[in-house]
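Enquirer: The chain contents come next:
Protein chains: 6
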Amino acid sequence: MPYVNIKVTKEGGPEGAGPSSEQKAELIKGVTELLEKVLHKNPATTFVVIDEVALEDWGIGGLSVPEFRKLKS
Amino acid sequence: MPYVNIKVTKEGGPEGAGPSSEQKAELIKGVTELLEKVLHKNPATTFVVIDEVALEDWGIGGLSVPEFRKLKS
Amino acid sequence: MPYVNIKVTKEGGPEGAGPSSEQKAELIKGVTELLEKVLHKNPATTFVVIDEVALEDWGIGGLSVPEFRKLKS
Amino acid sequence: MPYVNIKVTKEGGPEGAGPSSEQKAELIKGVTELLEKVLHKNPATTFVVIDEVALEDWGIGGLSVPEFRKLKS
Amino acid sequence: MPYVNIKVTKEGGPEGAGPSSEQKAELIKGVTELLEKVLHKNPATTFVVIDEVALEDWGIGGLSVPEFRKLKS
Amino acid sequence: MPYVNIKVTKEGGPEGAGPSSEQKAELIKGVTELLEKVLHKNPATTFVVIDEVALEDWGIGGLSVPEFRKLKS
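Taken in order, these protein sequences are the chains called V, S, C, B, A and L.
The C-terminal position of the first sequence is numbered 73 in the numbering used here, with every residue numbered one higher than the one before it.
The C-terminal position of the second sequence is numbered 173 in the numbering used here, with every residue numbered one higher than the one before it.
The C-terminal position of the third sequence is numbered 273 in the numbering used here, with every residue numbered one higher than the one before it.
The C-terminal position of the fourth sequence is numbered 373 in the numbering used here, with every residue numbered one higher than the one before it.
The C-terminal position of the fifth sequence is numbered 473 in the numbering used here, with every residue numbered one higher than the one before it.
The C-terminal position of the sixth sequence is numbered 573 in the numbering used here, with every residue numbered one higher than the one before it.
These are calculated hints, taken from the structure and not from any lab test.
Watch out, some of these pointers could steer you wrong.
Subject to a maximum C-alpha distance of 20 Å in a straight line, what follows is the list of computed SDA-like cross-link-like pairs (lysine to any residue) [what the hints assert, rightly or not]: (1) B:K341 with L:G512; (2) B:K337 with L:A544; (3) A:K429 with L:T509; (4) L:K541 with B:K341; (5) C:K270 with L:A525; (6) C:K241 with S:T109; (7) V:K41 with A:K441; (8) V:K37 with A:K437; (9) S:K110 with S:T145; (10) S:K110 with C:T245; (11) B:K370 with L:T545; (12) B:K341 with L:H540; (13) L:K541 with B:L363; (14) S:K110 with S:E126; (15) S:K137 with C:V238; (16) B:K341 with L:A544; (17) C:K241 with S:K141; (18) S:K141 with L:A544; (19) A:K410 with L:E556; (20) C:K237 with S:N105; (21) A:K441 with V:P43; (22) L:K570 with L:T509; (23) A:K470 with C:E222; (24) A:K441 with L:S520; (25) A:K470 with C:V253; (26) C:K229 with C:D251; (27) S:K141 with C:F268; (28) B:K341 with L:V549; (29) A:K441 with V:A54; (30) S:K170 with V:V53; (31) S:K129 with C:K229.
Hey, can you work out the whole structure from these sequences and the hints?
Expert: What follows is the structure in structure tokens.
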């Protein structure tokens, strides 16, 4: 009965928003199948929770993502 | 000084939204009392954080909740 | 299909260890019943995960719990 | 390669909202530098994720924050 | 720059312990590739953290996993 | 009343173990002071929880940390 939490930045989906419903469904399907294949976990009791995080709420290299990308570009 | 995180799907409240303020207050009260009763934890330093998760962000059985319920019904 | 994570300090159980198996079972039962009563959540798809945290890994008031208690006593 | 999650109540920022972008950037910078100073962690692989939690979703003392503050004042 | 947390019960690996190092490596590889395929996320900044949870610390159906399985068998 | 969770790999401390008690106390003090300085959060209700993660349980670049470092060296 695994529990998986996936956090991604809110971007890259249609119209600059986060992942589309289809992309989320693919993530849920893919990670559930992975746990079934590798650890024989039952999909019926595999939970997946996806969190979309605003760019300014995510930090890397000591900078928020928008600042980080400005510096890198 | 316990920390409790409760994640529920955003539904079942008034007008199809997530839990009402009253329901959230009941959850906070109930889980804090439970920790006091079972483990003698001081309510003054018991934190509870409730997250409402959109239906398409929650997966079970390899499907998002909306797809899962369509199949089950 | 709620997911609940309960973090408590590793203490207060038998022989100075964390909560006993019986206490953990009471927490699991209590919080699952709470979610059923308040939000009509199905216990069959309610997950509870308990984490015991070593005292030196928990901070409050800018101090680890052992330092905090020394100051308070 | 540390991962830091900071949860704060959604308040105290400009116009009653949560922390401003500048305050978030300060938190990201500060905690990344702290991990570099204390544990020599590489900022390039230090992730920080900030969550703003609505006041009614945060409980302390068995009450939601708005109820808790009403009682205290 | 996704962050993925996978929680599984501590079982099913060699000698009744949790997943083997090889199984964990497969999970890390699989979920990182999934995020690259579905959302074009860069593996270099994809973090995966696996937690093994003791059976008595995991609850489902209002019971700890050991009690739950006793009832089901 | 912030809640901060810091996850670091279990290494870099005395005798190859994770951070020492002193280093953890520094992290707790530093992050609590940061939240007080930037957001005027009260240290008395600031919680910090530190998790040490085994190297094989942490993945980056699609590899567990031990494999990742072997490739890089």
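Enquirer: All hints, please: hold or fail.
Expert: For each hint, the structure was consulted:
1. B:K341 with L:G512: Holds. K341 (chain B) to G512 (chain L) sits at ~10 Å (cutoff 20 Å).
2. B:K337 with L:A544: violated, 24 Å
3. A:K429 with L:T509: Status holds; Cα separation ~18 Å.
4. L:K541 with B:K341: violated, 26 Å
5. C:K270 with L:A525: holds, 14 Å
6. C:K241 with S:T109: holds, 10 Å
7. V:K41 with A:K441: It is violated: about 26 Å lies between the C-alpha atoms, which goes past 20 Å.
8. V:K37 with A:K437: Roughly 18 Å between the alpha carbons, so the hint for K37 (chain V) and K437 (chain A) holds.
9. S:K110 with S:T145: violated, 27 Å
10. S:K110 with C:T245: holds, 16 Å
11. B:K370 with L:T545: Holds, at about 17 Å.
12. B:K341 with L:H540: The hint is violated at about 27 Å.
13. L:K541 with B:L363: OK: K541 (chain L) and L363 (chain B) at ~19 Å, within 20 Å.
14. S:K110 with S:E126: holds, 17 Å
15. S:K137 with C:V238: holds, 19 Å
16. B:K341 with L:A544: Violated - the C-alpha atoms of A544 (chain L) and K341 (chain B) are around 28 Å apart, more than 20 Å.
17. C:K241 with S:K141: Not OK: K241 (chain C) and K141 (chain S) at ~26 Å, beyond 20 Å, violated.
18. S:K141 with L:A544: Roughly 17 Å separates the two Cα atoms, so the pair holds.
19. A:K410 with L:E556: holds, 15 Å
20. C:K237 with S:N105: Roughly 18 Å separates the two Cα atoms, so the pair holds.
21. A:K441 with V:P43: violated, 25 Å
22. L:K570 with L:T509: holds, 16 Å
23. A:K470 with C:E222: holds, 15 Å
24. A:K441 with L:S520: violated, 35 Å
25. A:K470 with C:V253: violated, 28 Å
26. C:K229 with C:D251: holds, 16 Å
27. S:K141 with C:F268: holds, 16 Å
28. B:K341 with L:V549: Roughly 18 Å separates the two Cα atoms, so the pair holds.
29. A:K441 with V:A54: It holds: about 16 Å lies between the C-alpha atoms, which stays within 20 Å.
30. S:K170 with V:V53: violated, 28 Å
31. S:K129 with C:K229: Holds, at about 16 Å.
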